[in-house]
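> Protein chains in written order, with our numbering: chain A, 1 to 494; chain B, 1 to 494.
Hints listed in this document are in silico derivations from the structure and should not be mistaken for laboratory results.
Hints should not be assumed to be uniformly reliable.
One copy or any two copies: either way a pair holds, since identical chains are not told apart in the list.
[What the hints assert, rightly or not] Pairs of lysine-lysine, DSS-like flavour, derived with a Cα cap of 25 Å:
| # | residue 1 | residue 2 |
| --- | --- | --- |
| 1 | Lys379 | Lys311 |
| 2 | Lys271 | Lys293 |
| 3 | Lys271 | Lys75 |
| 4 | Lys479 | Lys75 |
| 5 | Lys50 | Lys75 |
| 6 | Lys436 | Lys383 |
| 7 | Lys311 | Lys11 |
Bear in mind the structure is a predicted one, so any value in this text is a computation, not a measurement.
Number of protein chains: 2
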Amino acid sequence: MRPIQDIIKEKPWVGWLLFFSTVVIVFFIGLFASSIVERRSEALTLQTVKPLPEWEPRNEVWGENYPREYETYRKTLDTNFASKYAGSVFRDYLEDYPELVIMWAGYGFAKEYNQARGHANAIKDIREILRTGGKDDRPMPSTCWTCKSTDVPRVMAEEGVAEFYKVNWYDRGHQIVNPIGCQDCHDPKTMNLRITRPALIEAFERQGKKISDFSHNEMRLLVCAQCHVEYYFKGEGNYLTFPWDKGFSADDMEEYFDEINFSDWTHALSKAPMLKAQHPDYELFMTGTHAEKDVSCADCHMPYKTEGGVKFTDHHIQSPLNNVENSCFVCHRDNTDKMIQMVYTRQDKIMELRGLLEESLAAAHIEAKTAWDNGASDKEMEKALQLIRHSQWRWDWVAAANGAGFHSPNEALRVLGTGIQKAEQARKELALVLVKHGVSYPIAMPDVSTKAKAQAYIGLDMEALEADKEKLLKNTVPKWDSLARERQGTLIDY
Amino acid sequence: MRPIQDIIKEKPWVGWLLFFSTVVIVFFIGLFASSIVERRSEALTLQTVKPLPEWEPRNEVWGENYPREYETYRKTLDTNFASKYAGSVFRDYLEDYPELVIMWAGYGFAKEYNQARGHANAIKDIREILRTGGKDDRPMPSTCWTCKSTDVPRVMAEEGVAEFYKVNWYDRGHQIVNPIGCQDCHDPKTMNLRITRPALIEAFERQGKKISDFSHNEMRLLVCAQCHVEYYFKGEGNYLTFPWDKGFSADDMEEYFDEINFSDWTHALSKAPMLKAQHPDYELFMTGTHAEKDVSCADCHMPYKTEGGVKFTDHHIQSPLNNVENSCFVCHRDNTDKMIQMVYTRQDKIMELRGLLEESLAAAHIEAKTAWDNGASDKEMEKALQLIRHSQWRWDWVAAANGAGFHSPNEALRVLGTGIQKAEQARKELALVLVKHGVSYPIAMPDVSTKAKAQAYIGLDMEALEADKEKLLKNTVPKWDSLARERQGTLIDY
Chain A
1 MRPIQDIIKE
11 KPWVGWLLFF
21 STVVIVFFIG
31 LFASSIVERR
41 SEALTLQTVK
51 PLPEWEPRNE
61 VWGENYPREY
71 ETYRKTLDTN
81 FASKYAGSVF
91 RDYLEDYPEL
101 VIMWAGYGFA
111 KEYNQARGHA
121 NAIKDIREIL
131 RTGGKDDRPM
141 PSTCWTCKST
151 DVPRVMAEEG
161 VAEFYKVNWY
171 DRGHQIVNPI
181 GCQDCHDPKT
191 MNLRITRPAL
201 IEAFERQGKK
211 ISDFSHNEMR
221 LLVCAQCHVE
231 YYFKGEGNYL
241 TFPWDKGFSA
251 DDMEEYFDEI
261 NFSDWTHALS
271 KAPMLKAQHP
281 DYELFMTGTH
291 AEKDVSCADC
301 HMPYKTEGGV
311 KFTDHHIQSP
321 LNNVENSCFV
331 CHRDNTDKMI
341 QMVYTRQDKI
351 MELRGLLEES
361 LAAAHIEAKT
371 AWDNGASDKE
381 MEKALQLIRH
391 SQWRWDWVAA
401 ANGAGFHSPN
411 EALRVLGTGI
421 QKAEQARKEL
431 ALVLVKHGVS
441 YPIAMPDVST
451 KAKAQAYIGL
461 DMEALEADKE
471 KLLKNTVPKW
481 DSLARERQGT
491 LIDY
Chain B
1 MRPIQDIIKE
11 KPWVGWLLFF
21 STVVIVFFIG
31 LFASSIVERR
41 SEALTLQTVK
51 PLPEWEPRNE
61 VWGENYPREY
71 ETYRKTLDTN
81 FASKYAGSVF
91 RDYLEDYPEL
101 VIMWAGYGFA
111 KEYNQARGHA
121 NAIKDIREIL
131 RTGGKDDRPM
141 PSTCWTCKST
151 DVPRVMAEEG
161 VAEFYKVNWY
171 DRGHQIVNPI
181 GCQDCHDPKT
191 MNLRITRPAL
201 IEAFERQGKK
211 ISDFSHNEMR
221 LLVCAQCHVE
231 YYFKGEGNYL
241 TFPWDKGFSA
251 DDMEEYFDEI
261 NFSDWTHALS
271 KAPMLKAQHP
281 DYELFMTGTH
291 AEKDVSCADC
301 HMPYKTEGGV
311 KFTDHHIQSP
321 LNNVENSCFV
331 CHRDNTDKMI
341 QMVYTRQDKI
351 MELRGLLEES
361 LAAAHIEAKT
371 AWDNGASDKE
381 MEKALQLIRH
391 SQWRWDWVAA
401 ANGAGFHSPN
411 EALRVLGTGI
421 QKAEQARKEL
431 ALVLVKHGVS
441 YPIAMPDVST
451 KAKAQAYIGL
461 DMEALEADKE
471 KLLKNTVPKW
481 DSLARERQGT
491 LIDY
């Protein structure tokens, strides 16, 4: 090929052609770049950021400043259940697994336990659930509100943290009306992530760690870990406390609870001193492969989204299975169906062991009741009851966590495996006690094959509970709302 | 900036500079490429490929044609134990876990069971292990040779497959002298992968699948799956058979064995009809995350290696933990220590559940013996013995597989979890039988805390076994070798 300068020397128009082509191409690239820049600046100039007070609980007020984030947040109202174990409709877990009613006899969860829903439903759900009681029966402390509302930090700031927990759940109904939202995680001045719940800060402080020492990426875990953790209500004041002082594992926390001789309730059938686990999502997640790779909650549950020229964090917090392309595919290359199938393969194994353990535990409680009924002594029952306590704790540590164990399948299976051993060991002890007291083994089992049958067996008067709840929702809740409306000006019915 | 042609028009030397720079750069690129091509062609021209017969068992003869592959293969002699659970020295598993002696009472594995070593040790190891017996005691059939030597396809071709299995292990000692090697997996004419062991072909044929339908990548699994699978010795002719007809999982194979009422042996203590699992590596691997991504055995255990200008498959088959940089790092980006730590994290959980199950099973066998000793009837024991059979099968399905469960941690943990349940259920049944026969529970346990104590407890005369083995190794084996040397001309002492 001849050198280009020779060609141009001979035919000058070739040089001019090259020159003008370049000019035209660069012009269009400029136009394109300008179009992007213009859209972004429009987004910025149209957005007039209104200053927010330190504790503004109303998500819709924050939403005026951050319309995209608010709009996506509002989508958490409509929980779209893509997961196999969630199904396509809202699940009543007590209908699905009637063993749970037996396992929780004597405790609120036997009354009602449903699939978790999106954050914006938090106030509606906590008011409606039978566990929080009605107008007359008021079984729960104010501590139950802690993770349900943006009003909590405000009331804590006004009244003090210990004081917040001390009163009855019912008594704060008028103060707490806005569902989980913006200010639970954000500083209103800088929009930086911030921890608003003292229990997390206190748990780390007991380990000599300050929140300010954590990186931004760790904060993307910790704002979620304010609530998505195991906790308990400590002492008479029901002070919200994380049982982390010996470590994060099911085994460590079990040791912690044993040492302080804590139990959430005494089981109505077996009389075992029980522990209730509360979604230890953070603790379980931290043992898994995604945590090993420094993935944070938001990476999968709040991936980036683009609308027009604007890229922002999708605040429609949901199962990544609803949004595989934007969540999983940032790191994984595969097709959507296969990706989802791989999650199910892991969850299937966990659900299999969970199911085995649920059956064993329900049977163990009933066998223990039969032993008591036939004159077993405290001393004879001691070993079995301790095994039941530990076994159900380990079951619950996995079962209460969101994601059907997917946050760390190996750890979930390990913990379930140890739980299965303890449940069967308990049943061996009980079999020996029963035989000793002249009861032939296996005992005849009651029919507790549906939620209704199981609830009747453990002596729950569901009609009374529902009637009392109805009174609360019809008579009291409207008063709470009107007091709130007076206080804060507006109140959205999410 | 001015157009280049204007500059060149004014200063012609600029054009020449550009021209000669290009020439010089292209010249050096050419030199570099030539250097690569030259080295590869040297490798090819120096290599005079000698035609091999259809069944050449001597690896060193193949090695003359393929020196790099052979040289790396020979490194399997020196098994470098990098894994945490392998330790840095050769492990005697019965010393490490004396429970195994109890669990295998009445079966060869209670005599001796060591950590697996590299392929080139296969002949040496099978001759030396107490399980294959001595000069006088000859407990095993010829089927045991099947996966140990390149002589096997030759003898099968000469004598017939069923005939191969039929005789005693001892009687083929002179025929089978070359360790696992080249022709077990390669066609000597094309060097393509080929299946030389009939059991795999037959198992797929029963499922309507032909080996020729599998892809090359699948063949990279299947040449290993000739041996690294679960199998059993069927019928009086000890015909090597894979129990795959109902599926690959521990549960499917258990059902298969139950249906044909098969057991490997009757337990010497518990009298349970036992199953012995044989390293179901392929089956376990296929349930794991690496199989989901179409990774084959060779990708991790035989990654590519470069020497000089030649890239070839490393035939030093070993733990990828010895070779993280060349195996794991092809897909994973991390540092070596963290990579290894992530493997250990998974293996730790599996070893924890395995350990729990081993203790339970050993205790169950001893409790069952005590029940028999105290007059228990077949009917009373039936349920417990079936549970022991299933539990130990599930334990072994994980424990016998190589890699401490890492080939599929989730499935390993699931299977162990179900095994734990069955072991504890067996112990409940046994406790009831014991109490019924007037034995107080828990029973007093014998001291079986070391290999020697456990072997004495189950009644093994280790001195006699060792003396008989010594006779075999001193008197018989040299004769086997000299007959082999006569037959094949040369014999390397690996």
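> For this structure, which hints from the list above don't hold up?
1, 2, 3, 4 and 7
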